[in-house]
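Guided by the hints, dock chain B onto chain A, whose structure is given.
Number of protein chains: 2
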Amino acid sequence: YLYPNVLHQLYWGYRESFLCIHLNFNSFVTRTNTCGELRSAHVGQEVTLYGWIQYQRQGLFLVLRDFQGLTQIIIPQDEAHSHVKKLLSNAPVESVVRVTGTVSLRPPGQENPKMPTGDIEVKVETAEILNSCKKLPFEIKDFIKKTEALRMQYRYLDLRSFQLQYNLRLRSQIVMRMREYLCNLHGFVDVETPTLFKRTPGGAKEFLVPSREAGKFYSLPQSPQQFKQLLMVGGLDRYFQVARCYRDEGSRPDRQPEFTQIDIEMSFVDQAGIQRLIEGLLQYSWPEERGSITTPFPSMTYEESLADYGTDKPDTRFGMKIVDISDFLRRSDIRFVQNALSYPRGTVKAICIPQGMEIVEITCRPDGSLKSLLTKFLGEKQQSELIQALNMQVDDVVLLAAGEHKQCSALGSLRLESADLLEAAGLVLRDPTVFHFLWVVDFPLFLPNEENPTELESAHHPFTAPHPSDTSLLYSDPTKVRSQHYDLVLNGNEVGGGSIRIHSAEQQRFVLEKVLKEDSEVLSHLLEALEFGAPPHGGIALGLDRLISLIVDAPSIRDVIAFPKSFKGRDLMGNAPDYVTPEELEPYHIQVSWPLAEKEAKNP
Amino acid sequence: YLYPNVLHQLYWGYRESFLCIHLNFNSFVTRTNTCGELRSAHVGQEVTLYGWIQYQRQGLFLVLRDFQGLTQIIIPQDEAHSHVKKLLSNAPVESVVRVTGTVSLRPPGQENPKMPTGDIEVKVETAEILNSCKKLPFEIKDFIKKTEALRMQYRYLDLRSFQLQYNLRLRSQIVMRMREYLCNLHGFVDVETPTLFKRTPGGAKEFLVPSREAGKFYSLPQSPQQFKQLLMVGGLDRYFQVARCYRDEGSRPDRQPEFTQIDIEMSFVDQAGIQRLIEGLLQYSWPEERGSITTPFPSMTYEESLADYGTDKPDTRFGMKIVDISDFLRRSDIRFVQNALSYPRGTVKAICIPQGMEIVEITCRPDGSLKSLLTKFLGEKQQSELIQALNMQVDDVVLLAAGEHKQCSALGSLRLESADLLEAAGLVLRDPTVFHFLWVVDFPLFLPNEENPTELESAHHPFTAPHPSDTSLLYSDPTKVRSQHYDLVLNGNEVGGGSIRIHSAEQQRFVLEKVLKEDSEVLSHLLEALEFGAPPHGGIALGLDRLISLIVDAPSIRDVIAFPKSFKGRDLMGNAPDYVTPEELEPYHIQVSWPLAEKEAKNP
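Going down the list, the sequences are from chains A and B. The first sequence begins at 1 in the working numbering and counts up one residue at a time. The second sequence begins at 1 in the working numbering and counts up one residue at a time.
Just chain A, with the same shape it has in the complex (with noise of 0.2 Å):
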């Protein structure tokens, strides 16, 4: 539980640049300096410390902590401190304490250079318990390799661990300077949109809330989508908000059913200026410590993306992309892959997998012939120009996909799954460290339903704007558009997306009524505000829960949010959602629908 030191010289190193504009941490409080503050240019000095113990040995010193650091503290020995003596050495662990003292160099040889306070110590003066901490489940410096249950319980505990002090500070910073970067320096308004809406078409995800009208319900948004584009209606121009969003997926890993994007929405502007926004944007608002990302980003289509990755999400950190080796094999007699070859979208493609034999057993021999039972279908020079196509090294293994498909979704998954073997036997293929964000643009404006394939849906949302090259398509072969989508991608994951939107009520209408078939009733607040002067405009939103637990290298969202909910959605600390009593219902007009087992063990 010792602050790692690399990590805290990042911390202090992110803080240091704050110093230049005066921060104070000590501000409106008796304090004179934080636990991390003290240096060798301040022994001499009287100093006022608050702080939890962090650890005491035998009442001669204790390491005292704050956010900012840990500073060792000389407990007094002499006969007129026994007051303060007794009061330490008998506090325990995680008491919250004051004290008063003189920095002192430690004595020659008991510096620490790994802690940025390991020059000095406080010899104290005076002491006060301020708060006793009674005894703790657990020892906090095991608290990481406790269940995340216990940890999400005590929360305020794990607070205290210096990751997630990090984390939470971090994002507080780098949502400032995406705010300096807005506000300051592009005109962009910070307008706070209602949580308090009604269903959105198709909004099968969202929360209700019951109102004081029977049967009326309000809904809790996935996003700001209406209000956003209503702003650009309203003349707005320029509107970003840091806006908290509600998804009820029920059980999902790493999901959140609150969860924060940072969003935008401009008006006159093009895809290429969104983009170009959100790149200065990320530039503008890294952190140092993480090094420097360069723009602008790559772009990919969303075809080359599926073709070469087998997801429109690609980690291009990482090769292995998928090559199509149909044609190496048309004249093959292996039987499955003129089988595939025949249907009219057959292939077969693969994927390359370097030093693929730590892994699997199917390899490229050390004399440069195949070892795979497809060899024997394959002639010397078909297997020279197979090996040369993939570019195989000794040691590498191919997988090979062969069927009627379009995305390859299969062989995008080996490929990520590959790179997890990988790296559990020791290869480092994506380092966390790295950072390779990546434009995905040119989605299909609409894609099959799932259910009822001859039916169309939105890939993304039905406000999303048809590419100007395929806007008569739209008329005619709809399953044809391309869309003005883009979707921003890091190491893999998708943290972004946007669009520039229909403004023109017609074409909104014929996408609703026509294409999607779907009742334009319950959006024609937004058709009728497009008939009255809807500027052209568009936006993004960055997923911000996801792009900070990626900076940071966190395992989880959960890790870059103060109190998240389990994967059950459940606050486990505080116990909700919980029972309400039907007298609070009736306010409401709602009643419990208990379902019959419940009902049979309340009601025996």
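Watch out, some of these pointers could steer you wrong.
If chains are identical, the list can't say which one is meant, so a pair holds when it fits in one copy or spans any two.
Listed below are the simulated DSBU-like cross-link pairs for lysine-lysine, each with C-alpha atoms no more than 30 Å apart in a straight line [stated by the list, open to error]:
1) LYS568 x LYS205
2) LYS216 x LYS205
3) LYS517 x LYS135
4) LYS321 x LYS146
5) LYS568 x LYS216
The set of hints was computed from the structure by calculation and includes no laboratory data.
Only chain B this time, still in chain A's reference frame:
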């Protein structure tokens, strides 16, 4: 609907101060300038503007508007530009257009000194109608005269008005300055806390959110109170959040079901520390155009405030203080006075309304005598003593209240009513450009329950710490305990409130269980947290909507919220709340209990 010049200049002034940090409204888009930017220095430049047609006259010129201002556009009359002329002449008002052209000086004598861009005009070269506006249901310039319901239904049109643009932009800038002060200058951490939590004891005004677990509900909290305290226990040291809060009060004028507060909490701080923090915060973020504010703010005890103003949120911009005149009347023969004075806390109090003759007829006569039914009961000496005590002038009116009262709330209300009447009669008492901040302190910790006066309830909330001088009274006579609660009052409006919190688990449990007789089980997580080394801490919350509405002198908080709800809690634009289908309720295990009348109407 022309921009009022004074407001425009103010707004411009505010913006100018941003320009020094390179504020760029034209980044990422193809416009060269906004419609408020061009000056004589730009003459000769080729410009591209985007905006709304504010006004168009006989195909000769038009006025283009965006968020920044107005620019006069000269429509070309020559044959080569006949297409442009046709386009612009036929475009309906409020259509969105792009124009390119050359900045020219207006012909001598045609400058408009009331317009920031009044020296120039733009001679159009090319133009494009980006979106045509259909006939408006009303003229926008008359909008302000329309019913508020209509304005809210077409909120996106109302947002185009100068006043709403100004309000929302100023709000954004003030909040940004607050963030700079808290985050960059004083080391506060912006932490987002959950809004899906559980019902707090006595949280009758909390919206409920059904969960997928039968019978269990989240609740939308009225403030992040518990979370911010837990963040202090977690060692965050300095927290702030621009927090969305929820309160279901049914229909209340000028209240919103969701509202925003600047939420702050600090460790190791006392009342004076929080007060200095807030004074600094407001001074730092105060818009230049609203003058400056002086700190520290004056302070008044709760008792003084009630005695002098009959309210705990006095408007100190004007006098008319309440004066206790019991002693002057003690020897009079007036029946109801004697009756009132016979009670243990009986008093007679008065306010003197300067120039009250303007509004009522019982006055002080020009000859110095009183015109009142009471004069016959008072001797001359008593009369002149009374005149002196109340500092009565000719034409003043005195209102008396006799009874067993501690709070004088009747006279407090009469004082405000009188001010309303005097202002309606043309006198200025409460200058809206003058800002009187005031701390009200030393509130009682507990008040008698209104329904059952033998029981006590928290004057604010159960986490408020007792006044240090009164701690021992907590255990002997809790009714006498003053609290460490403080309210911030601005011109008679409560704009903030906070307190030093209880950080001892034992004291917190005593308050909950012994004084308030509450079931402390629902707060067990908080009580437990206090046992694990909770630091002394305190905080405050500022009501942002109210504060901004006072700064911009808006009649209602609805004028500083982009999409407010009606006083019945409805969104009149999007029609929320709305009916949902029984299928949509199913996953939440609830059903509607239709009131009998509606049930019958539905199933006749």
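Hints and how they fare:
{"no.": "1", "hint": "LYS568 x LYS205", "verdict": "both (15 Å within a copy, 26 Å between copies)"}
{"no.": "2", "hint": "LYS216 x LYS205", "verdict": "both (17 Å within a copy, 18 Å between copies)"}
{"no.": "3", "hint": "LYS517 x LYS135", "verdict": "between (63 Å within a copy, 28 Å between copies)"}
{"no.": "4", "hint": "LYS321 x LYS146", "verdict": "neither (39 Å within a copy, 63 Å between copies)"}
{"no.": "5", "hint": "LYS568 x LYS216", "verdict": "both (27 Å within a copy, 13 Å between copies)"}
Against the hints set out earlier in the document, a violation occurs for number 4 only.
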